[in-house]
Amino acid sequence: MNIKEFQELLSSIEIYDLIFTDHFKMRVEGRELKQFADIDQLHAILTTEVPKGIVNQEDNKFKIIYGINDKYDAILICAVRSESPVRISLITCIKQEANRRVK
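Here UniProt numbering is used: the sequence shown runs in plain steps of one and ends on residue 103.
These aren't lab readings, by the way, just hints derived from the structure by calculation. Any given hint might turn out to be false.
Per label pair, the in silico range of CB-to-CB distance [to be verified]:
no.: 1; residue 1: Tyr16; residue 2: Arg100; range: 30 to 40 angstroms
no.: 2; residue 1: Val86; residue 2: Ala37; range: 32 to 42 angstroms
no.: 3; residue 1: Tyr16; residue 2: Glu97; range: 30 to 40 angstroms
no.: 4; residue 1: Asn99; residue 2: Tyr16; range: 10 to 20 angstroms
no.: 5; residue 1: Asn99; residue 2: Glu14; range: 27 to 37 angstroms
no.: 6; residue 1: Glu49; residue 2: Tyr16; range: 18 to 28 angstroms
no.: 7; residue 1: Glu29; residue 2: Ser84; range: 16 to 26 angstroms
Bear in mind the structure is a predicted one, so any value in this text is a computation, not a measurement. Just so you know, even glycine gets a beta-carbon here, dropped at the ideal spot from N, CA and C.
Please put together the full structure from these sequences, using the hints given.
This is the structure in structure tokens:
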């Protein structure tokens with residue numbers, strides 16, 4: 001799957017298409033990324049907000065970069081486990097200084 005296909009998939013996913021891994025839940029808590037803790041809020045972010053960037057990492061695994069504020073970005077790593085039916089596994093999340101973002 002390429003980045004364009006992934007973006008199209010993201011814009012149409014349903015809440016029940018998202019799989020919260022235990023690792024993801026633990027990292028959300030530890031890294032204070034509260035916007036990713038609530039499935040409704042995360043679903044709204046994924047389907048409506050335009051990310052600062054998307055990187056295709058490997059075999060249907062993607063790194064999505066969202067701006068939190070002027071100083072920090074929130075990085076979301078997810079994997080497309082199935083396209084029919086759609087299943088997206090949320091692997092981990094990272095809070096990173098925005099100046100580290102590749103421009």
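Query raised in the report: Does 27 to 37 angstroms hold as the CB distance between Asn99 and Glu14, or does it fail?
Result: 35 angstroms, holds
Query raised in the report: So the hint says 18 to 28 angstroms: do the beta-carbon atoms of Glu49 and Tyr16 match that?
Result: 20 angstroms, holds
Query - Outcome for the supplied range 16 to 26 angstroms, where the beta carbon pair is Glu29 and Ser84 - result: Taking Cβ atoms as reference, Glu29 and Ser84 lie about 32 angstroms apart, which means the hint is violated.
Query raised in the report: Has the hinted range 32 to 42 angstroms been met by the Cβ atoms of Val86 and Ala37?
Result: 22 angstroms, violated
Report task. Just tell me: holds or violated, for the beta carbon distance of Asn99 and Tyr16 against 10 to 20 angstroms? Result -> At 37 angstroms between Cβs, range violated.
Requested in this report: For the range 30 to 40 angstroms, tell me whether the beta carbons of Tyr16 and Glu97 fit it or not.
Outcome: Since the Cβ atoms of Tyr16 and Glu97 sit about 34 angstroms apart, the hinted range of 30 to 40 angstroms holds.
Query raised in the report: How does the Cβ-Cβ distance of Tyr16 and Arg100 compare with 30 to 40 angstroms: does it lie in that range?
Result: 34 angstroms, holds
Hint check: violations occur at hints 2, 4, 7; the rest are consistent with the structure.
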